[in-house]
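Participant: Residue numbers (this note's numbering), protein chains in the order written: chain A, 1 to 387; chain B, 1 to 387.
The set of hints was computed from the structure by calculation and includes no laboratory data. All clues stand as given, with none of them false.
Any copy will do: because identical chains look the same in the list, a pair fits if it lies in one copy or spans two.
As a list, the in silico DMTMM-like pairs of lysine to aspartate or glutamate whose alpha-carbon atoms are at most 25 Å apart:
hint, residue 1, residue 2
1, Lys199, Asp20
2, Lys199, Glu3
3, Lys199, Glu85
4, Lys17, Glu131
Residues per chain, in single letters:
There are 2 protein chains.
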Amino acid sequence: MGEHLALAGIDSHFQTKVGDNFERMVSSIRLGLERSDAVILCGGLGPTQDDITREAIAEVMGVVLVRHPEIGDRIRAMFTARGREMSDNNLRQADVPEGATVIPQMPGTAPGLLCPVNGKVLYAVPGVPHEMREMLIGTVIPDLQKRAGLAAVIRSRVLRTWGHSESGLAEMLAGRIDELDVLGNPTLAFQASGIEGIKVRITAKAGSAQEAESILADEEARLRGIIGDLVFGVDDDSMESVVIDMLRERGLSLGVAESLTGGLMGARFTSVPGASDVFRGGIVSYASDVKFSLLGVPQGPVVSANAAKAMAEGARRALRADVALATTGVAGPAEQEGQPVGTVFLGLAMDGVSEAQRVQLPGDRQRIRQYAVISAVNLLRRRLMQN
Amino acid sequence: MGEHLALAGIDSHFQTKVGDNFERMVSSIRLGLERSDAVILCGGLGPTQDDITREAIAEVMGVVLVRHPEIGDRIRAMFTARGREMSDNNLRQADVPEGATVIPQMPGTAPGLLCPVNGKVLYAVPGVPHEMREMLIGTVIPDLQKRAGLAAVIRSRVLRTWGHSESGLAEMLAGRIDELDVLGNPTLAFQASGIEGIKVRITAKAGSAQEAESILADEEARLRGIIGDLVFGVDDDSMESVVIDMLRERGLSLGVAESLTGGLMGARFTSVPGASDVFRGGIVSYASDVKFSLLGVPQGPVVSANAAKAMAEGARRALRADVALATTGVAGPAEQEGQPVGTVFLGLAMDGVSEAQRVQLPGDRQRIRQYAVISAVNLLRRRLMQN
Chain A
1 MGEHLALAGI
11 DSHFQTKVGD
21 NFERMVSSIR
31 LGLERSDAVI
41 LCGGLGPTQD
51 DITREAIAEV
61 MGVVLVRHPE
71 IGDRIRAMFT
81 ARGREMSDNN
91 LRQADVPEGA
101 TVIPQMPGTA
111 PGLLCPVNGK
121 VLYAVPGVPH
131 EMREMLIGTV
141 IPDLQKRAGL
151 AAVIRSRVLR
161 TWGHSESGLA
171 EMLAGRIDEL
181 DVLGNPTLAF
191 QASGIEGIKV
201 RITAKAGSAQ
211 EAESILADEE
221 ARLRGIIGDL
231 VFGVDDDSME
241 SVVIDMLRER
251 GLSLGVAESL
261 TGGLMGARFT
271 SVPGASDVFR
281 GGIVSYASDV
291 KFSLLGVPQG
301 PVVSANAAKA
311 MAEGARRALR
321 ADVALATTGV
331 AGPAEQEGQP
341 VGTVFLGLAM
351 DGVSEAQRVQ
361 LPGDRQRIRQ
371 YAVISAVNLL
381 RRRLMQN
Chain B
1 MGEHLALAGI
11 DSHFQTKVGD
21 NFERMVSSIR
31 LGLERSDAVI
41 LCGGLGPTQD
51 DITREAIAEV
61 MGVVLVRHPE
71 IGDRIRAMFT
81 ARGREMSDNN
91 LRQADVPEGA
101 TVIPQMPGTA
111 PGLLCPVNGK
121 VLYAVPGVPH
131 EMREMLIGTV
141 IPDLQKRAGL
151 AAVIRSRVLR
161 TWGHSESGLA
171 EMLAGRIDEL
181 DVLGNPTLAF
191 QASGIEGIKV
201 RITAKAGSAQ
211 EAESILADEE
221 ARLRGIIGDL
231 VFGVDDDSME
241 SVVIDMLRER
251 GLSLGVAESL
261 TGGLMGARFT
271 SVPGASDVFR
281 GGIVSYASDV
291 KFSLLGVPQG
301 PVVSANAAKA
311 MAEGARRALR
321 ADVALATTGV
331 AGPAEQEGQP
341 VGTVFLGLAM
351 DGVSEAQRVQ
361 LPGDRQRIRQ
371 YAVISAVNLL
381 RRRLMQN
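In isolation and in its complexed conformation, chain A is listed as follows (with noise of 0.2 Å):
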């Protein structure tokens, strides 16, 4: 929500959770249009007897809750075409604050509302995350635009980075910050988003879209060339998009072979739509006879480089691929062939040759596994790029 609401230029100054509450949540929707010249309030909208946003709001606009009977019929319809039983429950959804709007959109049962307030404005959207960002896109910022007369345009673009910390990005970048905090347009800001990597945002200010794009294009070509190594793409790229977009444009195709990751190398790359252009599908080879039988692993350690590499191998092979990637090694809890947790070796198999990388990944056995995913799709993408 705060970054949909940044993006749109509108200053989003506190956030505060309560419980649901009768008094605590009066008290905070009124100290919030206080300070503020807009309130959206998440959730609380649902059937159960704990959902009492509708009558918190009613209480702070010294209302009473008047029941829609088509907005009754609507949830009725809604049961009905998906053949489950109503509850009774589920009529409370219908309940509006006197001189409130319904916010059309509904992709669930549970209404949004727009509700005026002395001059100011309370908006009230689903705590369900995609109904709420649906409300929000389409009716709450497009209204509080329009309410703020936003002349000005503001635009943002985040370069992905991975593989160094914020505070070494925040020194390589110290120069240039320095500068634009005199200059006040474009701003940057830091963002670590735990294992993928630390997005750098640009936020530009301007009297139209171009010269807010214009902006962004030259910030974005001067931090490349400060930082051009680590960024791995920008917005809503993914490691994993654009290796298949790399794979794409070269018409290689790829397989994968995984052990302490069992599966989630192919859950990451078949999670972009569009994957099976490129991505032929992989071996979990979690236990060891596995990777004997169906990738052809020598026998003997299976936590090493060898092994590593006979599992990309037997991958492209066993796929048919052109590219195969590879991870096995020790997730935990426990230390495994005597190596200690975080051990795990990367296999790339291409261009007829194999390869291997040994990492020492921190943190326990999720961190471990997912480390050594995007450790495995970011030795690929430096491969495609040397290409």
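With the hints as your guide, set chain B onto chain A.
Facilitator: Leaving out everything else, chain B in the frame of chain A:
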């Protein structure tokens, strides 16, 4: 954080998020200290210039920041141990408001703070989730409990359910909810966890841990009498951990064949520590010809009950597993073989026979894939329960 506080018997009434803005941080901290006995600050303790939690605390306390040389030495030593260059910014993390105590846990580089303010208390913990968790559980909560002189013991247990909506569960349990409203102890709460189903949390308050546990056990038995079929586990159980335990008890090994889920099912099973006792591996047959060549699926439509059954049989054979699950279907964005997005066939091969189930799943590409996995695992769970 809210969950841990609730379990420790500490009411957390307000949660506020503000940006890295000095005035808004200071006013929010002051407001928090007005309406509560303690305030926990999370984040903004990092090394970059926008990390100003230390400065905001000093302002609220009316004191200056003092650089602690021994913390600086520890930070330097950590960088040296990791073989990394330390930037001067990192030494800002050694700044401590006068009168504050440093929280000893230091898994990362950001030390936590414990700050007395006019008879109340302010804690600052890092925003990195695992560092936050360690400090919260290790220091903040015990300190809060000591200050509160908490005598009552609070225990809770979560029943994990799958396959029914929150309102449906509430309707089934309505009679018991009414009774508990009168009794006041234990209490019930519902929590939707997306594709992971609905959690029903029982919370009991008592004079001793033993007494609280006995209340929980009684209530669990009572609820299972009403919704037992839908309960797949308790507390930290996941659908996959429950199924792995059932397979282990029965001495059965497991393999998977995945199409639209691309490795997600294998990834879920192998996220469970000790999965290697049971899980042999998987074949991700994303391209149709991989289904034919590696799994022996007969030529023909691959989004079909026959293909799902053949995939499960093929996986069982190729991976030499006792039991195999398979998924094939249409994750979108486009339809396939004339089948609409969301059409999924689940296959199960076990005891020399195979079966398939057709499901129509809602949502976008990612939700369809996730639902397909959990539906397949649930199919196996129900089948194992019959045995």
